[in-house]
Amino acid sequence: MSKINFSLLLIGGLLIGSNLQAAQINDKDRPTALQQSGSTEIVAVEEQTIQEEPITRAELEGVRGEVATLQELWQRTLENNTARTQRPLIFTGIAQLRYSTQHNATKNGFDLNALVLNFQGSLKRDYEQGRNVNYLFSLASPSGANVDGTTDFRVSPLDAYITAFILPSLNPEDQLLSITAGKQKKPFGLEALAGEDKKPTIKLAQSARAGTGIDLDARDLGIVIKGDLLPQFDPGFRYRVPAIEYSVGLLNGRGSDAFGYSTLSDDNKHKDISGRIVLNAPVDYSSVFRGLSFGASYYSGKSGALGNVDKNRNGFDLSYVNTPVGFTFESVDGADNGIKKSGRTLTIFYNQGEQFVSGYKAQDRYDDWYPTTFQPFVRFDRWDPNTSISGNRKDITTLGVNWFFAQTTKLQVNYNIITEETNDIANNEFLVQLQYTF
Amino acid sequence: MKHTFSIIVALLTVIVFGVTSSQAAQHKPNVIRIGSAYSAGYGKPYGGGIIGIVHAKGLLEEEFRNDGIKFDWAFFKGAGPATNESLANHAIDFAYIGDLPAIVGRAGGLKTKFIAGGSKYTNVYVGVPNDSKITSIKDLKGKRVGLFKGTNAHLTLSRILEANNLKESDLKIYNLGIADLDAALKTKNIDASVSWTNLLLLRSQGNAKIIYSTKQSPRDWRNTGGFYVTEQFAKEYPDITRRIVKVYVEAAQWASDEKNRNEYLDIAVKGGTPRAVALEEIEGRTLKDVNDVLFDKDYVNHYAGGIVFAKEKGLIRNTFDVNTWIDRSYLDAAIKELKLENFWK
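For the protein sequence lines, the chains are A and B, in the order given.
Oh and the first sequence: position 406 is 406 in this note's numbering, straight run, nothing missing.
Oh and the second sequence: position 136 is 136 in this note's numbering, straight run, nothing missing.
Here chain B stands alone, though its shape is the one from the complex (with noise of 0.2 Å):
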């Protein structure tokens, strides 16, 4: 009797040690969360940028198939604003979003970590009505301009701005949306819109003609995407990190390569950019250019001094290092395990 009891209590040792074991090795989330500032803006479920081509492949899913780790995508038709505001409320653990929105809300005390580069110096463009007597930025000078503040458009109007002599109180500038920028462009209740491919949509409609495009400005006066980690979901789950950014910069690496060309625009149709339109954005440039995620210097360099910037013109109250800001660690790994030291270089 004793013996057998001992027996049970032995078992029952090891099934419960092992047991409370497999559940400590297990730590791991139920469901990731990853929200992006890119939306098709349509109502379905797809984004731009290189978080676009991850979603729409399924890259995740594949990768996490057996971990039983769901992911739960958010495109926030909000833009930057929605996306802060979801980091905000620990509504999100990743993030994919713009330059400006990603410092005001850095600044702003949000917890992130920047942990690898998004697309890469992408255009702005001003555009007016087809019938428009504005021919150039300095015309802009008392008109109605449409701006979705707090998006990185605006830190690239400020800079557009001041190259020109102008400042933001010489214009009147309207806060609208992007469905809202171009509702109001077409009726012309405004005189110019600031905004991004979907002014060269509006114009292909023959609804507004561009004026100017930072095509023809400094690259740094572009916009850049980024992608972020909470810091509470990098510290509770490094490996997990780890492995996202490692199948983002495969993403990204597939982005590159310009024999995926056609299907790297068809991803972009699905995500609300029309396959001419998408053309037209990256004309004159290669993919790797548009694709590459490294922390180079000129990368590096946008973010300091759209920190300053943004400072400067009080869409900001604190200053902040961005080195600080950026954690080159997943990023070194997943280009040491992909072997990728020299693909974007």
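Chain A with its partners taken away, still in its complex shape (with noise of 0.2 Å):
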């Protein structure tokens, strides 16, 4: 008898037993076995008697034999069949698959364009208050072609951090304030710091992009300290917002590498300083003000070996994100060596689903049951790599759609119109990414 059957088989003994004292009330309205079917009536007198008489202390024993035999089985599969972790641990990992095409391209197709493995959980839970200390460590392999224009496939550790709240975070009447130490994402924008649920596009922002001049998406080492002040708390739709939202973070301040990816060291003696501050309409969850927000974002360091290389930032983001519709507008100026950049992001976009309804997500169903949304949108998106040269801004503005349609995947299409200020050519493109989280 396979282990699985034997489980069963005493499982079903240990319910039968457990049974046999409750079913008195219940079985004295329940048609006997006589008028069920048509059996004798020695039989249905049998079965009543049995039903009525209490568990032998025999029975009681043979009862506790069987689950400690089960619980024995139970415990030899665990060590040889189950793995095990020192601290508690969520294991989740993102996979974008990707079709693309574009006018004039020489090539289309296929491609990952992004696989992460997460590995999070806690390292230190506080019960009573809830300062905890959190850990994450991701790998990663950035998208198709490298930024160095290499193909092959290449594994990077992403983030690698772990987070401390030093305020306790039980309560959501409290304000918050918590410490980050590792490889995680620089504290500025509003593009860069979203979650991917939240990121409405294929690709991101030009100024968000990883490996251009404003590095936004880029992790770097270092330490971010984050928190909230004022929290306004609806306790009737369990919703909290705090008025003010602040981080800081002191960093290497090193970039991307060909990767894509922050490296592990720094290469001078300076420090980045990058921060960021959001003011958020304290409201209740009915207001017609729910989800404004007003954010700016400053980045002050240096690069190079004798890091004598200025690298400066600053930004501003207007957002509403309220259901079912919404909108973000984001600015972003940068200056590497005196060659200044600039982009603006202005994304609009409206909800027919309960996606972003977290309440309503959470229901008691059988099977598999999630809502299904659609988010169509558009975007602009402008870039200009060096704003004292004419003719090299480009322009994306991007009509695209998401459909939510499973806990954790959603389908997305972008059509891209691509404008660029000088090269009056044909590439707008076409992409298709469906994006899953186990």
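Quick caveat, the hints were computed from the structure, so don't treat them as lab data.
Simulated pairs of lysine-lysine, DSS-like, Cα-Cα distance not exceeding 25 Å:
| id | chain 1 | residue 1 | chain 2 | residue 2 |
| --- | --- | --- | --- | --- |
| 1 | A | Lys124 | B | Lys172 |
| 2 | B | Lys143 | A | Lys124 |
| 3 | B | Lys188 | A | Lys124 |
| 4 | A | Lys271 | A | Lys340 |
| 5 | B | Lys77 | A | Lys361 |
| 6 | B | Lys77 | A | Lys198 |
| 7 | B | Lys270 | A | Lys361 |
| 8 | A | Lys361 | B | Lys44 |
| 9 | A | Lys361 | B | Lys70 |
| 10 | B | Lys186 | A | Lys124 |
| 11 | B | Lys133 | B | Lys186 |
| 12 | B | Lys270 | B | Lys259 |
Every value quoted in this text rests on a predicted model; they were computed, and no experiment measured them.
Each of the two chains sits in its own frame; use the hints to bring them together as a complex.
The following block contains the structure:
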């Protein structure tokens, strides 16, 4: 007999034994075996007699023995066939499968835009006040072509940090303060810091892309302090919004390597500073101003082995993320060794569905239910890599729709209308991407 | 030729007119979405209260079988706050929700009509670990108390504290969901939990003892449920709203009949409440008393008092007149149609 069948047999035995006493009231109302199957009267009487008798000591000892056997069986299975960790671990991953084609391009086709494996969990859990210490370590492969033009498959650590909550974090009415040390995102900008489910387009805004001069999306090594002030909590909707959010970081400032990700050590004595502050409308959930935010970001650093090359960025953003409509606007300006760059991004979206209504998504349902959401949007994205030189600006207007059809999966369709200031060629692109998380 | 053409035109006119008239007459939704703040809590789509009975017995599906209307049932793990969030996002048309979250939602701008009463005067319990030295409400001062803020237990706790000359600030309140409340009490990460029949279950498992129950308090301190419809849906589909309330009242009538007590308890079990716990909860009461859906004076005063109390405690910013919220027309029509004028009196 297989281990599974044996386990089922034991479980069935336990259930039968535990139901012997509980069946008294209901069984008096149920049709007897006589009425149901036409069995003999003797069988019906025996059935009722058995159901009314209490369990004996011998039967109880038998159940105990079966439980002990089952416990030993499960223990052996856990030891021999189950992966174990020293601390709580949540193992997730993200994959983006993409098809792209571009007008006048020499090639098109499928590629794996990104593969990410995340390992995260708790290093110390404070049950009383929530001054927890959590970790995240992730591995990623960049999109099809590497920044240096090569196409070989590479894996690089993407994030590797520890976050410690300095203030208690259990009560939504209290302000938060945490410190994060390690390889992480820089506290700058709106698009670069958005989670994957909040990013409407397949490709990031030009100003945020790793590998560009602005390099907003790239990670860096350092320490970031993050917190909020004046949290408003609407208990009727379990809605929390802090009036002020802030984050400030001290970072290596090394920038991206050939893979498009930051390297592991600094190349000079200087440390870069990055900071961001966000003002949120401190309103109740029902307010029309819910989701209105204004943010400002600043970055100051030095690059190069001598640390004498200026690297500065500043930006501001305005967003209104409500249901069903919303918009985001972000403006970024930067200067690297005197070369000034600027980017402007405007996105308008509409949500048809409950993807972003967290209370609605958490339901008791049979099967693998998830609300379907369609999110059509339009984005205007302008990038000028050198504002001192005319003719190198690039505008991308994206018409797209996102289809959230499962808990961790979305299908994205984008049509990018690309306009280069002096390059009058037809190079619009069409992309379809399936992103799934497990 | 002309004659034939005229006939064809006439026929087409009749067909087009007939189709459009039919469509106008059949102004009804494809799907009616009903949300409940009372979920079984273990992954199965069952709920408590009268709406749980309506769902479990498939009463609405039966009523609207020939109308081609489907029903989408949402049992929210996040209880009242999640139900309010869904109402605010137009994700549901009807809601079955407890008193305080309904008051907070309405005060916060949710456009709902209060169309029928729900399960009335259910109990709130205060539980502590078995070896706790806490024996009374006064002993909670300075202690860590778990509470699902925004639910009707919150309103009850406010009343209990006031009667014992305490304020919320005298306690260390931890805002936790139901499952987290139970887990925190079992592991003694909180000193007490203010919750519902889930505490009776913890007690039966040997993980808690009950130091207070609203069975010993004024009736008005207990929790009540209610049935609501969005103003938009009621305006667009008044007859459908009337029929749904009629089915709801039929379910309440069934639930009030003592001969249905066994099946009533079976449905409670599906809704996540063990039979023994459900029995203890309604001990000393008749089913008619529990499932009375009328807007009687005590019930309306309970909500009016709840509005005032919530404003005093800062749970809501604005008050409103409960009588502008209640729409008795659907309930009165159902009572009359079902000839239940004296059933709950």
